[in-house]
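Asker: Residue numbers (this note's numbering), protein chains in the order written: chain E, 1 to 590; chain W, 591 to 917.
If you are wondering where the hints come from, they were derived from the structure by calculation, not from laboratory data. Warning: the hint list may mix true and false statements.
To be verified - Okay, the calculated beta carbon distance ranges per label pair:
1. E:V105 to W:H811: 50 to 56 Å
2. E:R97 to W:K723: 51 to 57 Å
3. W:H811 to E:N133: 44 to 50 Å
4. W:K723 to E:D291: 53 to 59 Å
5. E:D135 to W:T642: 32 to 38 Å
6. W:R875 to E:E101: 45 to 51 Å
7. E:T40 to W:L855: 51 to 57 Å
Beta carbons are placed, not taken as given, at the ideal position from N, Cα and C, and that holds for glycine.
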Amino acid sequence: MRILLLSLLLWSSSAFAQDDHGYSARARHLLEVAAGETETSFFSLAAKIHLGRDLPRAYSILDSMERDRSMGGRFYAYTLIGTYLHTRDMLPDSLKRKVREAFRVRMMYRGDTENHWVMYYTGLYLAAQTWPNEDGTRWFNGKTSEENFREAEGWLNHWMTITSTIGQGEFDSPTYMTVFVSPMFVLYEFAQNPLMKTRAQAMLDLLLADFAAEQLDGAYCGGHSRDYPDDIINPLAAPATRVAWLFFGQPKEEKWDEARYRPRNRGSWETVFAALGSYRLPEIIYRMATDRTVPYVHTETKRVRNIIRFGDVRNPPVYKYTYMTADYALGSLQGGILQPIQQHTWDVTFKSEKPNNTLFMLHPFFSGRELAMFFPEEIKFLAGEVDRYHLVYTNPNKWNSSSPFEQTLQHKNALIVLYNILPGEKHPHVDGFFPKSLDERIVDGSGWIFCRAGDTYIAFHPLKPFEWIEEDVNWRLRSHDLKNGAVVEVGSAASHGTFEDFKAAIRSTKLRFDDFDRSLTVEYVTSGGDHLRFTYGGKRLVNNRPVDFRAYRLFNGPFMQADVGSGVITLRYKEKTRTLDFPKGTILGN
Amino acid sequence: MLALGACLLASSTGRGQDETTYMSVLSSRKHRLNASDNPVVGLYVSKDRGMTWEHRGWREYIRVFYTEAGPDGILWSACGNGVLRSADGGMTWRISTGWEITEVLKVHVSPTNPETAFGATAYGIIRTTDSGKSWCAMTRGFHRTFTSDLCVDRARPAHILAASEEGVYESEDNGNTWKLGTLRGIVVNVIAQHPLNEREFFAGTEDNGLFRSTNGGKSWHVSKTSLSRMTIYALAFDPSSPSTVFAGTYGSGVYRSVDGGTTWLQKDQGLQILDVHSLVVLQGRPSVVLAGTLNGGLYRSIDGGDHWTFNSQEEAQVWGLSTTRVK
Numbered sequence: 001m002r003i004l005l006l007s008l009l010l011w012s013s014s015a016f017a018q019d020d021h022g023y024s025a026r027a028r029h030l031l032e033v034a035a036g037e038t039e040t041s042f043f044s045l046a047a048k049i050h051l052g053r054d055l056p057r058a059y060s061i062l063d064s065m066e067r068d069r070s071m072g073g074r075f076y077a078y079t080l081i082g083t084y085l086h087t088r089d090m091l092p093d094s095l096k097r098k099v100r101e102a103f104r105v106r107m108m109y110r111g112d113t114e115n116h117w118v119m120y121y122t123g124l125y126l127a128a129q130t131w132p133n134e135d136g137t138r139w140f141n142g143k144t145s146e147e148n149f150r151e152a153e154g155w156l157n158h159w160m161t162i163t164s165t166i167g168q169g170e171f172d173s174p175t176y177m178t179v180f181v182s183p184m185f186v187l188y189e190f191a192q193n194p195l196m197k198t199r200a201q202a203m204l205d206l207l208l209a210d211f212a213a214e215q216l217d218g219a220y221c222g223g224h225s226r227d228y229p230d231d232i233i234n235p236l237a238a239p240a241t242r243v244a245w246l247f248f249g250q251p252k253e254e255k256w257d258e259a260r261y262r263p264r265n266r267g268s269w270e271t272v273f274a275a276l277g278s279y280r281l282p283e284i285i286y287r288m289a290t291d292r293t294v295p296y297v298h299t300e301t302k303r304v305r306n307i308i309r310f311g312d313v314r315n316p317p318v319y320k321y322t323y324m325t326a327d328y329a330l331g332s333l334q335g336g337i338l339q340p341i342q343q344h345t346w347d348v349t350f351k352s353e354k355p356n357n358t359l360f361m362l363h364p365f366f367s368g369r370e371l372a373m374f375f376p377e378e379i380k381f382l383a384g385e386v387d388r389y390h391l392v393y394t395n396p397n398k399w400n401s402s403s404p405f406e407q408t409l410q411h412k413n414a415l416i417v418l419y420n421i422l423p424g425e426k427h428p429h430v431d432g433f434f435p436k437s438l439d440e441r442i443v444d445g446s447g448w449i450f451c452r453a454g455d456t457y458i459a460f461h462p463l464k465p466f467e468w469i470e471e472d473v474n475w476r477l478r479s480h481d482l483k484n485g486a487v488v489e490v491g492s493a494a495s496h497g498t499f500e501d502f503k504a505a506i507r508s509t510k511l512r513f514d515d516f517d518r519s520l521t522v523e524y525v526t527s528g529g530d531h532l533r534f535t536y537g538g539k540r541l542v543n544n545r546p547v548d549f550r551a552y553r554l555f556n557g558p559f560m561q562a563d564v565g566s567g568v569i570t571l572r573y574k575e576k577t578r579t580l581d582f583p584k585g586t587i588l589g590n
Numbered sequence: 591m592l593a594l595g596a597c598l599l600a601s602s603t604g605r606g607q608d609e610t611t612y613m614s615v616l617s618s619r620k621h622r623l624n625a626s627d628n629p630v631v632g633l634y635v636s637k638d639r640g641m642t643w644e645h646r647g648w649r650e651y652i653r654v655f656y657t658e659a660g661p662d663g664i665l666w667s668a669c670g671n672g673v674l675r676s677a678d679g680g681m682t683w684r685i686s687t688g689w690e691i692t693e694v695l696k697v698h699v700s701p702t703n704p705e706t707a708f709g710a711t712a713y714g715i716i717r718t719t720d721s722g723k724s725w726c727a728m729t730r731g732f733h734r735t736f737t738s739d740l741c742v743d744r745a746r747p748a749h750i751l752a753a754s755e756e757g758v759y760e761s762e763d764n765g766n767t768w769k770l771g772t773l774r775g776i777v778v779n780v781i782a783q784h785p786l787n788e789r790e791f792f793a794g795t796e797d798n799g800l801f802r803s804t805n806g807g808k809s810w811h812v813s814k815t816s817l818s819r820m821t822i823y824a825l826a827f828d829p830s831s832p833s834t835v836f837a838g839t840y841g842s843g844v845y846r847s848v849d850g851g852t853t854w855l856q857k858d859q860g861l862q863i864l865d866v867h868s869l870v871v872l873q874g875r876p877s878v879v880l881a882g883t884l885n886g887g888l889y890r891s892i893d894g895g896d897h898w899t900f901n902s903q904e905e906a907q908v909w910g911l912s913t914t915r916v917k
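Could you put together the complete structure from these sequences and hints?
Answerer: Laid out in structure tokens, this is it:
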């Protein structure tokens with residue numbers, strides 16, 4: 001009873017917690033635009049019905065979509081029940097019966113990724129809650145309502161626990177974050193169990209705070225577990241930008257028809273479930289997302305997706321480092337295979353009115369054995385299969401990759417990335433992405449490449465000879481040496497003055513890698529005087545002190561703190577705090 | 591009824607039996623992986639020696655890897671969603687496992703007790719002793735838990751061998767505890783027991799070809815033939831001629847031995863796709879052999895593997911094949 005009352009109290013207060021900051025207007029606009037979409041989805045349909053637009057046609061579309069088998073089961077499960085629960089008061093009884101019947105006649109595949117399971121079990125939880133006390137003949141999987149409810153509840157609680165203790169597996173994905181938050185919006189809205197409702201709210205706070213601390217003007221910055229090439233090279237095209245726009249008001253204007261702002265996938269309307277619901281962003285998270293007055297370091301521990309073979313640890317830790325300023329962010333993962341297929345290890349993301357506001361480097365690696373670490377199908381068969389769906393996995397020019405031959409060291413605004421590619425590797429080169437939208441790109445006689453994008457300055461020093469390859473939106477820096485790497489330092493007008501000042505400061509830094517092929521070691525003293533020494537496969541030293549990844553907390557930075565294993569995450573902004581306590585199932589503070 | 595999994599075989603050789611064959615189709619190159627409108631995936635059943643097939647159960651993509659019938663007629667499917675169980679020949683199904691069990695690659699019913707079944711999963715061996723009402727993870731003793739196949743010893747049913755990325759794990763107590771036994775350091779894909787000689791086992795590996803044991807799995811010797819460095823996905827014995835063994839390979843089609851595995855000949859005439867993931871030999875003479883390929887559908891031979899013709903499931907991954915005979 002105490003938890004119930006507390007949860008209800010917190011829920012009711014949260015609905016009014018946010019100074020609107022334009023949220024209501026954006027939510028209305030989102031629903032209007034979604035309702036006018038010609039391409040059908042459950043999201044646009046929910047918006048249409050909610051706004052009462054052309055209801056006979058909307059019902060007809062819902063009827064056909066309910067029978068549509070082209071959508072995978074887990075996507076279908078939560079979007080169908082979400083649409084149903086948001087609109088059921090307006091649906092004719094015949095359609096209600098058809099939706100109910102869909103959960104009997106159609107097998108829903110659970111999928112094989114974290115986001116799949118979040119969608120599937122959210123859908124199953126709410127469906128079993130909606131139609132209780134029915135026997136197994138009434139459900140696609142032969143289980144009773146009670147069995148389905150308990151199973152879904154069990155997994156959702158398990159997921160929330162591991163996410164709040166050892167970190168998310170599909171973490172910080174500009175593409176996939178929407179399919180984590182969207183089911184949580186629905187779960188928060190309709191879970192009748194007050195504890196589950198509070199936990200869903202806490203998950204939303206956690207996922208959105210995680211994003212807020214690492215977003216810059218709508219772009220999810222730094223390293224990502226999974227992302228698609230189109231989103232990597234054009235960060236504001238990613239679905240996460242829609243979340244930023246809706247909740248943070250960034251970027252300021254959502255130009256729905258401009259390619260730059262359109263999600264890669266026109267069907268990415270998951271935020272409609274937010275706009276239809278009552279979740280309101282806590283003020284503290286809004287401030288975290290939008291206050292960039294003081295540069296800061298934010299670190300995180302995440303986890304590798306379940307390793308099912310060729311590894312002794314199921315979920316090794318991922319260490320993430322992000323340096324955030326008002327103009328740019330430099331962020332990185334430690335390198336290595338942390339996620340299959342779609343890893344994005346590091347980048348500079350800068351504020352810009354132009355597209356492709358990012359710069360990064362990678363080694364395009366692929367192997368059946370890598371995939372077999374994460375997927376149970378046959379090793380020699382997997383690479384070709386993944387290529388069928390992700391299209392670029394084996395492509396030497398791809399812009400996403402996890403490579404076992406890549407390692408990073410980052411300290412604030414400087415990063416060293418090193419590669420030690422095995423002879424015989426299928427793609428024996430590294431590639432750097434330099435967008436054409438940069439205002440300047442200068443190959444300096446000092447060996448540095450200086451770039452400017454507005455008030456952001458980037459210095460990039462390749463360790464080995466390279467060539468430029470011109471492509472549609474970028475220049476590709478390609479280098480063919482197996483032992484390779486780069487040193488990157490980023491600055492801005494605020495920190496370095498003019499671009500000329502920045503260039504002069506970088507030219508005067510100390511960079512040593514003359515014995516690199518033997519030692520695999522680089523030493524760099526930044527323009528700010530920090531001494532970085534990094535040996536591939538060896539020590540990472542910052543100012544002569546070793547970087548101790550084991551000391552990384554789950555979150556550590558001015559806005560978020562949590563210890564690994566605790567399940568208690570504290571959000572901070574100036575004097576305000578908000579504590580998400582997953583073990584207790586409580587949310588305390590503003 | 592008598593079930594025939596990869597390691598269980600009837601001694602009868604007559605043709606006057608009602609034989610049902612089960613084909614598990616994982617996916618198809620023609621269709622999107624996650625789509626639920628794939629017309630060729632799921633479980634198919636044939637009652638005419640693999641000539642024609644009838645779909646059973648779910649049309650949706652559920653990542654069905656393998657299906658087997660128990661001696662009590664219960665159907666078990668190893669799927670991405672867990673272990674599916676049907677008591678009415680595949681017309682209706684129940685997912686018998688919970689969220690804890692996923693990506694089940696094989697399921698085999700105990701040869702001595704139809705209430706007991708084992709699953710090989712990406713997370714280790716699972717077991718039910720109450721016909722699927724409950725399942726337990728049986729991973730005690732495993733270092734790495736990924737298993738792709740298992741074989742219950744017909745001579746000693748408490749003795750179980752499991753194919754793993756680390757070699758062959760063995761249990762002597764019905765799966766309660768395990769230890770890494772033989773073929774250490776070798777990725778083992780499939781294990782099968784000889785239909786007549788219960789001391790004889792075969793193991794197909796990822797990179798080291800075929801191994802054979804003649805002492806109940808205590809030791810193995812490599813088949814020093816053209817199979818020696820191949821990837822072996824499937825093994826099958828001819829019920830009418832137990833000295834005839836078939837092996838399905840990655841990239842080299844089907845191999846056949848007529849001397850109990852001592853010598854092998856490639857049998858790929860007519861096979862358009864040489865990645866063979868599943869095999870089954872049906873009752874009678876001449877032998878009908880079915881070969882399930884990766885992205886090439888199902889092939890059928892009516893002359894013991896000498897010639898193959900495409901049967902069905904165009905561009906599909908025929909992941910599993912099994913057969914059941916009613917006496």
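Asker: Report the numbers of all earlier hints that the structure fails to satisfy, in ascending order.
Answerer: Hints 2 and 3 are the ones this structure does not satisfy, whereas the remaining hints hold.
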